[in-house]
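A.B. asks: Using the hints, build the complex out of the two chains.
Read off the chains here:
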Amino acid sequence: MYDNDTENNLRRALTEAGRRLVQKNLVQGTWGNLSARLDEKFMLATPSGLDYTSLTPDDMVVVNIETLEYLGKLKPTSERKLHAAIYRDRPEINAVIHTHSEYCSVAAAARVEITAVDDDMRKLIGETARCAAYGLPGTKKMTKATVEALKDRNGCYLANHGAIAMGTSLDEAFAACETLENSTKRLIEAKL
Amino acid sequence: MSTDTQINSIISAVRRINSLGLVGNGLSVRQKIAEASCLEVCVGASGDISPDDIKTVSLDRPDGDDKELRAVCFAIFAKKPDAAAIISASTPYLLNLSRINAKIPPILDDFAQIIGINMKTADGASAVPAALKGRNACMLKDKGAIIVGRTLDEAVTALLVAEKTAKTYALASALGKPAPISTWEAALMNFVYKKKYSKISKE
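Chains as they are written, first to last, in the working numbering: chain Z, 1 to 192; chain B, 1001 to 1203.
So here's chain B without its partners, still in its complex pose (with noise of 0.2 Å):
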């Protein structure tokens, strides 16, 4: 895939996010384009970008703004090689149950399929990789969420369950407590879905 392709698919992702409602506190976006750069651009509240926003950076200088965040974003890459997208997202539920270091048990299907067993908070950025171990998401203490992707739709899509389980976490405790799936259920359906039936397109 050309970089002018994944311009475009970062440009479309972003807007797919904003659309949703998505975009919080502003976010970052990352996208692997070889073994030692990403793609990256950083979006404000409003949501906006043009493609003059999307930086290409190497993953062996993580400087600049937000460092820390930026070399985690960098490690991830380098540990998990199927890893081609990581968001970075702030949106309301995500952002509030990491300043309370919550763990989200995989309370719905979707979660667990696309997720993983749970999504647990890292006490800083360092604790990141070790949050993500056998996971597509994590929260990170007071910033939101790291959400990775095979593919940035795959990510974007992990966004938007994520979202929506946190909301359903919080709201869940209104009517009661909510009940999670049984780990080796949730470990099988998101086995099943990485194995089987997820289709990944060709970005």
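If we strip away everything but chain Z, and leave its shape as in the complex, we get (with noise of 0.2 Å):
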């Protein structure tokens, strides 16, 4: 069971890293979000459809990663099914950060898979990127397609969506889905 320290410090990191994603422009506006592993039966979410610049910590909602109940007035990503599903089945994986990224999105609407293109993506991600089979946001569908793209990566496209990236910390789910973007903006930029 976590202690308040452990989820004060983990709502502070969610907010910050929150910000630092629209800084870098993984994220615009509201979409995309972020969550981080608890225990083995909870996570931290970012809440649906706050704009990541006024987040405050206190907004992050815990929710149960078996059940998806969720605790406090403020509803969790739309995702939410999505993240406690890639935590059910990568027990080692305690954060998980979606993004709507623009080199991202160019390979989720192309639906391909890339082949990692340095040693941070082969580090970081894997041998090579999948695109999860398409599916509408928030479905059973797309939750099932996007675990089974992620088997043995730590990052994939999400087929006309975005991407997604996780890592053992949030700091290392950051790095997963920045060097994602500029990977993948390396290699297009080479077949241009």
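Read the hints as simulated data drawn from the structure, not as lab findings. For every residue, glycine included, the Cβ atom is placed at its ideal position computed from N, Cα and C. Please note that the accuracy of each hint is not assured.
Partial chain Z-side listing against chain B, Cβ under 8 Å, derived [unchecked claim]:
#, residue
1, Val62
2, His100
3, Leu136
4, Asn160
C.D. replies: Okay, structure coming up:
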């Protein structure tokens, strides 16, 4: 069972990570979402429909990974099902970030699998970044396809949607997001 | 909302567009303030704006510079009762796609949600209302894009999404053929966004 210090630290870290996602142009507006594992049963997730620049640590929502029930008045991200499924499937993962970043969106729209173009991508994502089959946002179909595309990987594209990356810590998940975007950009530019 | 507040919201919107690098060759913003009038500003490529640049214009007198485009914007306000703001922009990718009469398919979920099932190019200002039917945006041949929002904030977000999708459409061709979402799934997402998830701020 997690303690108050762990929860408060993660609340602050998620708030800060959300702002950094906006600064680095990895998300726009209220799109995208983040979560961090509190323990084997609970995760902390960003709320639905709020701008990252106005988020406070108190806005983060505690969600049960098994039941998806949540505490408090704010509704968690509509992609909580996807985050929870990843934590259930991958016990070593402690943070998940879903972005709508520019170049990952290109790969997602083309529905391609991309081979790692550098050591950073190999280390943080894997040998390739797959593209999960298309499913409407928030649906079981999308969740299942994403978990499948993430086998032996720490990141993938979501067809016609964006990208998802994860890590054993929030910092590692953030680095994976940046790496996936930068490596995808490099590959696209090389093909132009 | 007072006119002063609306002027401030236009200045904030233009500054946001400028900070996102979406002023392009220049843009115009129109925000409806009553049944028969709107606030209007034309911004150059520098993106500079001051309160004095924003004029109140009558919707039944579409005269002055760029009379044809102004008449189209006024017609949109008249035909789309929920249209509260219109942005006319010439961002790089939308401008280029408008030059080749492109039709952008629904290749991203956020595009389907906020714009609609596709984004057509109108061949002349008079064809804009038809190209906008059931959509929040269209392109105008050789001019760029016409973006409509139920709020000014929604129009700015739609502009951001439209330019991002135009760029995605162009670049995805380098990786292979872009694979669009089915029309019914795009229409469903647009419906859900409009009815359930969009949070219209009281501007």
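A.B. asks: The hint names Asn160 (chain Z) as touching chain B; please verify it with the least Cβ-Cβ distance against 8 Å.
C.D. replies: holds, 5 Å
A.B. asks: Next item in the hint list is Leu136 (chain Z). Is there a CB on chain B closer than 8 Å to its CB?
C.D. replies: holds, 6 Å
A.B. asks: Against chain B, with CB atoms and a cut of 8 Å, does the hint on Val62 (chain Z) hold up?
C.D. replies: violated, 22 Å
A.B. asks: How about His100 (chain Z): closest beta carbon in chain B under 8 Å, or not?
C.D. replies: Hint on His100 (chain Z): holds, closest Cβ of chain B at ~6 Å, below 8 Å.
Of the hints listed earlier, the one the structure fails to meet is number 1.
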